[in-house]
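Chains as they are written, first to last, in the numbering used here: chain A, 1 to 493; chain B, 1001 to 1125.
Hints were generated in silico from the structure; no laboratory data involved. One or more of the hints may lead you astray.
Unchecked claim - Okay, the calculated bits of chain B under chain A, using three or more residues with CB under 8 Å as the criterion: (1) 1038-1051; (2) 1059-1069; (3) 1078-1086; (4) 1089-1100.
Since the structure is predicted, the reported quantities are computational estimates derived from the model, not experimental observations. All C-beta atoms, glycine included, are put in the ideal place defined by N, C-alpha and C.
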Amino acid sequence: MLNSHLPILLVVVPLLAAPLIVLLRRSLPSWIVATAASVATLAIALPLLQQAVSEGVISYAIGNWPPPLGIEYRVDAANAFVAVIVSLIGVFVMPYCRRGVAAEVRSEEHYLFYAMMMLCLSGLLGILLTGDAFNLFVFLEISSLATYVLIAMGRDRRALVASYQYLLMGTIGATLYVIGIGLLYLQTGTLNLADMAARLPAMGDPRATLAALAFITVGISLKIALFPLHLWLPNAYAYSPSAVSAFLAATATKVSIYVLMRYFFTIFGETVVFDARYTGVILLALSLAAMFVPAVVAIFQTDLKRLLAYSSVSQIGYITLGISLHSVGGLTAALAHLFNHALTKGGMFLVLGGIVLRLGGSALDRMAGLGRTMPIAAFAFVIGGLSLIGIPGTAGFVSKWYLVTAAMAEGQWWLAGAVMLSSLLAVIYVWRFVEIAYFREPPDDHPPSGEAPLSLLVPALLMIAACVWFGLDASWSGSMARAAAEALAGGWK
Amino acid sequence: MSIAGHYSYFVTILLLMVGLFIVIARSNLIKKLVGLGLFQTAVYLLYIAPGKLIGGVAPIIGEGFEVYSNPLPHVLILTAIVVGVATLALGLALVVRIKEAYGSIEEEEILALDADDELKARDPS
Chain A
1 MLNSHLPILL
11 VVVPLLAAPL
21 IVLLRRSLPS
31 WIVATAASVA
41 TLAIALPLLQ
51 QAVSEGVISY
61 AIGNWPPPLG
71 IEYRVDAANA
81 FVAVIVSLIG
91 VFVMPYCRRG
101 VAAEVRSEEH
111 YLFYAMMMLC
121 LSGLLGILLT
131 GDAFNLFVFL
141 EISSLATYVL
151 IAMGRDRRAL
161 VASYQYLLMG
171 TIGATLYVIG
181 IGLLYLQTGT
191 LNLADMAARL
201 PAMGDPRATL
211 AALAFITVGI
221 SLKIALFPLH
231 LWLPNAYAYS
241 PSAVSAFLAA
251 TATKVSIYVL
261 MRYFFTIFGE
271 TVVFDARYTG
281 VILLALSLAA
291 MFVPAVVAIF
301 QTDLKRLLAY
311 SSVSQIGYIT
321 LGISLHSVGG
331 LTAALAHLFN
341 HALTKGGMFL
351 VLGGIVLRLG
361 GSALDRMAGL
371 GRTMPIAAFA
381 FVIGGLSLIG
391 IPGTAGFVSK
401 WYLVTAAMAE
411 GQWWLAGAVM
421 LSSLLAVIYV
431 WRFVEIAYFR
441 EPPDDHPPSG
451 EAPLSLLVPA
461 LLMIAACVWF
471 GLDASWSGSM
481 ARAAAEALAG
491 GWK
Chain B
1001 MSIAGHYSYF
1011 VTILLLMVGL
1021 FIVIARSNLI
1031 KKLVGLGLFQ
1041 TAVYLLYIAP
1051 GKLIGGVAPI
1061 IGEGFEVYSN
1071 PLPHVLILTA
1081 IVVGVATLAL
1091 GLALVVRIKE
1101 AYGSIEEEEI
1111 LALDADDELK
1121 ARDPS
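Bound conformation, chain A alone:
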């Protein structure tokens, strides 16, 4: 009985947790509710993925109004897989929040922080599950508005400006998306995505479809932070509280990437997007630019959090590169990297949060001698860095391997070289940390040696360990990414 309501429960549980937290108002009960809700979402998302992989598409009619008139939630291997990623990150980040938030957010705002985290989680999961174009926009705005507030909660006053800038760019992106679906609605007369996908081929390839494709692509790319639309991202990640940086870096942009994939492969279809025009070439060029330019910028950062943020923009390039290959192999690589990068970058931001708590700042110079004063954290950070580079034995290697294999299967040998070269840039920015942390003397005024509190260290280490685990045994993540890619490319039959 309950089993058939899993899709809606996944969204409703965190959505109801948010007002409950606001009513509780106290910090500790709020945290308990938030943690329980994120564990519950993972407990719902896992069987949902199981069900979607074994049984195919699950359609859930909200309020029993049959689609296409009513709003439908449509779950297949692809969105269930991304939903598992998002809720998994939630489970890692929530236990971390207890101490992390106590240190970084004013105590009277704690309950609001948890409420916003829940709204953000609920919005992201809603974007994934919904099968309705306009419903997707509403969830996009729910998660975005919550994100703006979370970023503004950072201690530094620059967090406010970062949040304001993200608000401008995010709203422009969401509005462009609304224009796109408006044009699609005018043509097809439906907002149900599956229905739209079925009706679009009969329309031929008129200019309005092309315009809709352009608006949706640019709008969603703004949310993805696809180079050169990434300008909001570095400041937003650098000045928000550490738990928020970890959560956003691992989930928000990934969910938008899923939306782009869904529109490209399921709604418009490969023939309209890739075969009839140069979308693939443009996306390939932007992905290559993303792999190199922000990576070079990352090398010159003086702040470790900003460095990681620029590295995120660069890693997004690998994912969109997988999309631009428009083959099942390329999509598998993109989805696998989505998962692996979420673990890697989320874990690194969590480790960094602990370091920042001890050192009082994230400037690279302060990290001098960290290998001696905080050996475990520094080591975990380096392991995460190795995964960013793609050293064998870490999760980053697995997805880069998929990516290179997919590029070669398409006959694009030179892309393999480009991936290598861009990885070398990652070596440089990770090495900057290694050099400062291990080969420099700690400054005279450094705080006494010691690790971050256990409640911060344990979730961070678990995430980094997961990164190694999925690097050594990629059978689960690989097969799930494969199933998700096939579901995306196969359409909603």
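Dock chain B against the given chain A, drawing on the hints supplied.
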């Protein structure tokens, strides 16, 4: 397919571009939000205008009602208006906090203050 027949689309695009231009060109944070509001409002027009038929009424089955307007775009835009109001409220709240923290709502002055801070952080003397 005349220019007059596409009148509402031309107005929509004009409003969109005016809004976007204000967001990009103005440095005052409040004015930027005004531009953003204009940008969003233009989209409401894009949805509502095609849904309305001249002489059309609400879709009520009964005698005397023959030409119907499509009510769905109106409902969608009602939602979009709520979203727009929430965004604007949050944006204004952020501007209030920025004013408290920086003492200014001019983008250039804020960026200059940030640049000063960064110089001081690098070279404390």
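Provide an ascending list of the numbers of those earlier hints which the structure does not satisfy.
-> Per hint list: single violation, 2.
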